[in-house]
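Engineer: Take a look at the letters that make up each chain.
There are 2 protein chains.
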Amino acid sequence: MISRFSHSFIPTKREAPKDATSLNQKLLTRAGFVHQELAGVYTMLPLGLRVLRKIENIIRKHMESLGGQEILMPALEPKANWLTTSRWNNFDVLFKVKSQHGYEYALGPTHEEIVIPLAKERAKSYKDLPFSLYQIQTKFRDEPRAKSGLMRGREFGMKDLYSFHESKEDLNIFYEKAKQVYIALFKEMGLDAKITEASGGDFTKKFSHEFMVLSDAGEDNILACSTCSFAQNAEIAKVKVGDSCPNCHAKIEEKKAVEAGNIFDLSTKFSEDFELTYVDKNGKKQFVVVGCYGIGTSRLVGTIAEVCADANGLVWPESVSPYDYHVVVLDAEEKLVASQLEKLLAHLEKEKKDVLVDDREERAGMKFIDADLIGIPYRIVVSSKTAASGKVEIKSRSDEKGRLTDIKDI
Amino acid sequence: MISRFSHSFIPTKREAPKDATSLNQKLLTRAGFVHQELAGVYTMLPLGLRVLRKIENIIRKHMESLGGQEILMPALEPKANWLTTSRWNNFDVLFKVKSQHGYEYALGPTHEEIVIPLAKERAKSYKDLPFSLYQIQTKFRDEPRAKSGLMRGREFGMKDLYSFHESKEDLNIFYEKAKQVYIALFKEMGLDAKITEASGGDFTKKFSHEFMVLSDAGEDNILACSTCSFAQNAEIAKVKVGDSCPNCHAKIEEKKAVEAGNIFDLSTKFSEDFELTYVDKNGKKQFVVVGCYGIGTSRLVGTIAEVCADANGLVWPESVSPYDYHVVVLDAEEKLVASQLEKLLAHLEKEKKDVLVDDREERAGMKFIDADLIGIPYRIVVSSKTAASGKVEIKSRSDEKGRLTDIKDI
Numbered sequence: 001m002i003s004r005f006s007h008s009f010i011p012t013k014r015e016a017p018k019d020a021t022s023l024n025q026k027l028l029t030r031a032g033f034v035h036q037e038l039a040g041v042y043t044m045l046p047l048g049l050r051v052l053r054k055i056e057n058i059i060r061k062h063m064e065s066l067g068g069q070e071i072l073m074p075a076l077e078p079k080a081n082w083l084t085t086s087r088w089n090n091f092d093v094l095f096k097v098k099s100q101h102g103y104e105y106a107l108g109p110t111h112e113e114i115v116i117p118l119a120k121e122r123a124k125s126y127k128d129l130p131f132s133l134y135q136i137q138t139k140f141r142d143e144p145r146a147k148s149g150l151m152r153g154r155e156f157g158m159k160d161l162y163s164f165h166e167s168k169e170d171l172n173i174f175y176e177k178a179k180q181v182y183i184a185l186f187k188e189m190g191l192d193a194k195i196t197e198a199s200g201g202d203f204t205k206k207f208s209h210e211f212m213v214l215s216d217a218g219e220d221n222i223l224a225c226s227t228c229s230f231a232q233n234a235e236i237a238k239v240k241v242g243d244s245c246p247n248c249h250a251k252i253e254e255k256k257a258v259e260a261g262n263i264f265d266l267s268t269k270f271s272e273d274f275e276l277t278y279v280d281k282n283g284k285k286q287f288v289v290v291g292c293y294g295i296g297t298s299r300l301v302g303t304i305a306e307v308c309a310d311a312n313g314l315v316w317p318e319s320v321s322p323y324d325y326h327v328v329v330l331d332a333e334e335k336l337v338a339s340q341l342e343k344l345l346a347h348l349e350k351e352k353k354d355v356l357v358d359d360r361e362e363r364a365g366m367k368f369i370d371a372d373l374i375g376i377p378y379r380i381v382v383s384s385k386t387a388a389s390g391k392v393e394i395k396s397r398s399d400e401k402g403r404l405t406d407i408k409d410i
Numbered sequence: 001m002i003s004r005f006s007h008s009f010i011p012t013k014r015e016a017p018k019d020a021t022s023l024n025q026k027l028l029t030r031a032g033f034v035h036q037e038l039a040g041v042y043t044m045l046p047l048g049l050r051v052l053r054k055i056e057n058i059i060r061k062h063m064e065s066l067g068g069q070e071i072l073m074p075a076l077e078p079k080a081n082w083l084t085t086s087r088w089n090n091f092d093v094l095f096k097v098k099s100q101h102g103y104e105y106a107l108g109p110t111h112e113e114i115v116i117p118l119a120k121e122r123a124k125s126y127k128d129l130p131f132s133l134y135q136i137q138t139k140f141r142d143e144p145r146a147k148s149g150l151m152r153g154r155e156f157g158m159k160d161l162y163s164f165h166e167s168k169e170d171l172n173i174f175y176e177k178a179k180q181v182y183i184a185l186f187k188e189m190g191l192d193a194k195i196t197e198a199s200g201g202d203f204t205k206k207f208s209h210e211f212m213v214l215s216d217a218g219e220d221n222i223l224a225c226s227t228c229s230f231a232q233n234a235e236i237a238k239v240k241v242g243d244s245c246p247n248c249h250a251k252i253e254e255k256k257a258v259e260a261g262n263i264f265d266l267s268t269k270f271s272e273d274f275e276l277t278y279v280d281k282n283g284k285k286q287f288v289v290v291g292c293y294g295i296g297t298s299r300l301v302g303t304i305a306e307v308c309a310d311a312n313g314l315v316w317p318e319s320v321s322p323y324d325y326h327v328v329v330l331d332a333e334e335k336l337v338a339s340q341l342e343k344l345l346a347h348l349e350k351e352k353k354d355v356l357v358d359d360r361e362e363r364a365g366m367k368f369i370d371a372d373l374i375g376i377p378y379r380i381v382v383s384s385k386t387a388a389s390g391k392v393e394i395k396s397r398s399d400e401k402g403r404l405t406d407i408k409d410i
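Protein chains in written order, with the numbering used here: chain A, 1 to 410; chain B, 1 to 410.
In case anyone wonders, no lab produced these hints; they're calculated from the structure. Don't be surprised by glycine CBs; every beta carbon is placed ideally from N, CA and C. Just to be clear, a hint being listed does not mean it is correct.
Computed spacing ranges between beta-carbons, pair by pair [said to hold, decoys possible]:
| id | chain 1 | residue 1 | chain 2 | residue 2 | range |
| --- | --- | --- | --- | --- | --- |
| 1 | B | A364 | A | G283 | 35 to 43 Å |
| 2 | A | Y103 | B | N90 | 37 to 45 Å |
| 3 | B | H7 | A | K285 | 54 to 62 Å |
| 4 | A | K353 | B | Q100 | 45 to 53 Å |
| 5 | B | D331 | A | A80 | 57 to 65 Å |
| 6 | A | S339 | B | D280 | 31 to 39 Å |
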């Protein structure tokens, strides 16, 4: 797919908005990926949405590999269900919506209240278990502060998967598999996540694991080994700064990190609330054992922006970049340039690459600044100089210098 | 993609829920496509979500052909913007959300209040116009009644496109193009839509056109020619039942219809509210002329279910069917059957077809009933009989009888 910059909604800016405090908000706004509507509430502009969709599709692929079946649950959740789980008055960031017609709804910050009753439609016998359902959907949280750009939103995208099992043992098998899948999917997006054991969160959670990406923008503190993958959440850590790592004896350090995902063993708490039971091999009724597995999708856009950036702007990993190539056209009015550009685009289109072509009437310096700011992995320059040489200049976003190459070799 | 029914979340039912009043709710629930959470609030189960995604992708393709750029706006909209347009107290189905932290939001039933200020990021000079932005996103409406299944939801999927122009003349060119694109995309989904001129709706709308699909489940009445495509909304119709059609002189009849889409000329109403201006060729400031183009995506799932059904269940058009083939396996324990099934699935997978394989331990009659209910366009039977013949039985959902065929000819 070829997009022309001159016709695209990419409002790049020289300056970050004055009220922006986080690096991801500054960069993503300046580069034209997002537009803040309210604190913690963003519009995804075409570039930001392309990144989000790539992240979602990577997650989707990995959830399918776990056997997850995709569904889409609503944001309006029945008050009655939240009363059933005793969370209507105890879930601190719950948005409540009052209808003019006398109803009340929870504006979903999570979906146990929907998915557990829904699971009754299938979980009847032990033969129906295990199975897992997931969605990629919009969540709402009435956060007191929302100052970290896409890291902590009042409205945000999330993937939540729920798994249903006969026994704790069967849950554990799935839970360990999910851990490995999470690490793999973060890696596919260019993120190195550490798994930390964390407190269970609110009273409904038995225990949980968090997937932490080291970043100065992180709101969590973790105690992490300087060498190996050992890490603990500072809130419940048994090690302290300066200790030797129990795994490899290197030094433990305190680091800031972003929680990119979390997984919970919910045990039978919600199954008991909603009487989600199955009949076991001996004909006896048992509560279904449930696990819950979350990943913030729009938060990942922010996390990757924080982690993959330099002084000049964003540096997207290829797997989530909005485009594969950023073509800068100079001297566009020259015949030779036009014909080289045409040849280049025909080649890239044949190779099924996604290309952003900067065909704006702007000076060269501005175009190079915007290319660095937007951070597409490869920049290709087409100009009177390259047209004369018969080659184009290609530069990786993370390299200092480009090199001349034949179009057919790209 | 091959899905096994035995492992899939497809809760088919013999009976419709007692409170279901509309055909689409009855059929989609019985066939395991949707699950009602509240009146007008549904979960899309795997089959329903597959249909929704196909509808969305057809719409997306046509929006791109119009030059639309996809974005994603939030559901939480600032109260201040709704006060600016005087709709905070005048939009009858507006859900209002109160934060514990003192904020108030509109839970977006439409997005003029977000997209018009956003358009200021680009619409500066006449050179920046025209352009158009669209999203496929979840909308909320505090409907007094929500009894028509997916036809009138309190929460529902929608595509909304907004176009921005220099002049009324330029809007008109786009508006007429959009009309043709709408008719084409409905046709691609198997729907024959009539365009009716309608009242502008609330006070902000200048005039509008509705795209009406004839269906007894429709909540609108239109006066339509029995022969040609002429139609008018009953509310503002100039013709009456029994009149001759002004186009072709056939008889005018009153019909029930579902509004599948609508388009509005918003003129400069919202541009004036938010001072969305551009500088024209003469250096003069002008208000941007705006058009708005909606399609209910989840409503289309319901509309197609109503229109494409018979006494035995759903009959999906190929373009939006959750799968291409529904394979019914009988006598699965027989070796010959297993090997024929394997050969069939290898062939369909090579052809990149999406296949639902009914491998459940159910009796044949039940499997055939479910196949008709679910309504995938082609059913293929693999049994001891077909295995012995070396051919499989294929039947179109709308045909009475199947025929034997070689696997390679499918």
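Engineer: Are the hints correct? Go through all of them and say.
Structural biologist: Hint check:
1. B:A364 <-> A:G283: 35 to 43 Å: With Cβ atoms ~28 Å apart, the hint is violated.
2. A:Y103 <-> B:N90: 37 to 45 Å: violated, 22 Å
3. B:H7 <-> A:K285: 54 to 62 Å: violated, 23 Å
4. A:K353 <-> B:Q100: 45 to 53 Å: holds, 48 Å
5. B:D331 <-> A:A80: 57 to 65 Å: Violated, since D331 (chain B) and A80 (chain A) (Cβ atoms, about 46 Å apart) do not stay within the stated range.
6. A:S339 <-> B:D280: 31 to 39 Å: holds, 35 Å
The structure fails hints 1, 2, 3, 5 (numbered hints given earlier, in ascending order).
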